[in-house]
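> Chain by chain, the residues:
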Amino acid sequence: SQTIHQWPATLVQPVGSPLSLECTVEGTSNPNLYWYRQAAGRGLQLLFYSVGIGQISSEVPQNLSASRPQDRQFILSSKKLLLSDSGFYLCAWSWGSPLHFGNGTRLTVT
Amino acid sequence: AQTVTQSQPEMSVQEAETVTLSCTYDTSESDYYLFWYKQPPSRQMILVIRQEAYKQQNATENRFSVNFQKAAKSFSLKISDSQLGDAAMYFCAYKGPQGGSEKLVFGKGTKLTVNP
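Line by line, the protein sequences are chains A and B.
If you're matching positions, the first sequence starts at 1 in the working numbering and goes up one per residue.
If you're matching positions, the second sequence starts at 111 in the working numbering and goes up one per residue.
Simulated from the structure, these hints should not be mistaken for laboratory data.
Heads up, the beta-carbon is just placed ideally off N, CA and C, and yes, glycines get one too.
Among the hints, a few may not be true.
Stated by the list, open to error - Straight-line alpha carbon distances no greater than 30 angstroms define the calculated DSS-like cross-link-like pairs of lysine-lysine that follow:
| hint | chain 1 | residue 1 | chain 2 | residue 2 |
| --- | --- | --- | --- | --- |
| 1 | B | K165 | A | K80 |
| 2 | B | K180 | B | K218 |
| 3 | B | K180 | B | K165 |
| 4 | A | K79 | B | K213 |
Unchecked claim - Here's a subset of chain A near chain B, in silico, CB distances under 8 angstroms, partners left out:
| hint | residue |
| --- | --- |
| 5 | L44 |
| 6 | F88 |
| 7 | G104 |
Using the sequences provided together with the hints, build the complete structure.
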């Protein structure tokens with residue numbers, strides 16, 4: 001069966017520090033991969049999605065970037081975090097539909 | 111662009127009663143997929159139910175069922191015999207046809223409270 005791993009679960013980082021969140025999927029090949037952000041009490045905003053290695057689509061201009069160095073690995077990064085980057089980040093995969101989500105990372109930028 | 115609207119920010123229901131959560135969407139596609147996700151306090155996103163637009167029959171999963179009105183672009187979720195564990199945020203989501211965009215568009219969510 002397919003599983004998705006996302007880490008870390010929580011992260012506290014100072015403003016201006018770098019960020020790297022990692023997501024890996026097991027049990028499937030060539031999945032579509034997604035990064036969503038959820039602000040407190042709000043819906044999910046799609047940040048990036050990828051349909052293959054090295055293929056990244058960005059949905060909103062922002063301080064973040066994404067990379068897919070391997071088929072089942074999706075990384076969310078930032079060179080310098082802003083206070084506004086705080087939130088709950090969810091990685092997801094799909095092959096067809098629906099999306100299957102990781103457990104999320106709660107990022108607090110101080 | 112496709113949009114998903116959940117007009118009820120919060121709903122409450124008595125345990126064992128039935129509640130319906132509303133969702134409308136906007137699309138020019140004829141073939142697409144609709145979903146309801148549940149997000150409990152743990153914040154994990156859990157798929158509750160899915161509906162393919164080409165199917166006229168409403169999807170059902172145990173106590174959860176949908177009322178899919180394609181012409182009206184409405185996709186409501188009915189929870190029967192509500193349980194305390196049903197308390198969560200519920201998100202309606204839309205995905206376009208196979209071979210098109212792989213994006214899932216979410217509504218802003220409805221917070222469901224279940225009263226004992």
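> If a hint holds in the structure, say so; if it doesn't, say that too.
Verification of the hints:
1. Restraint check: the Cα-Cα separation between K165/B and K80/A comes to about 47 angstroms, which exceeds 30 angstroms; the hinted pair is violated.
2. For the hint pairing K180/B with K218/B, the CA-to-CA distance comes to about 21 angstroms; that is within 30 angstroms, so the pair holds.
3. Using a Cα cut-off of 30 angstroms, the hinted pair K180/B and K165/B holds, with the two alpha carbons roughly 10 angstroms apart.
4. Distance restraint check for K79/A and K213/B: the Cα-Cα separation of roughly 26 angstroms lies within the 30 angstroms cut-off, and the hinted pair is therefore satisfied.
5. Given hint, L44/A at the interface with chain B, holds; its Cβ is 4 angstroms from that chain's nearest Cβ, closer than 8 angstroms.
6. Taking 8 angstroms as the C-beta cut-off, the interface hint given for F88/A holds, the closest approach to chain B being about 6 angstroms.
7. Evaluation of the G104/A hint against chain B yields a held restraint, the C-beta minimum of about 5 angstroms falling below 8 angstroms.
Hint 1 from the earlier list is the only one contradicted by this structure; the remaining hints agree with it.
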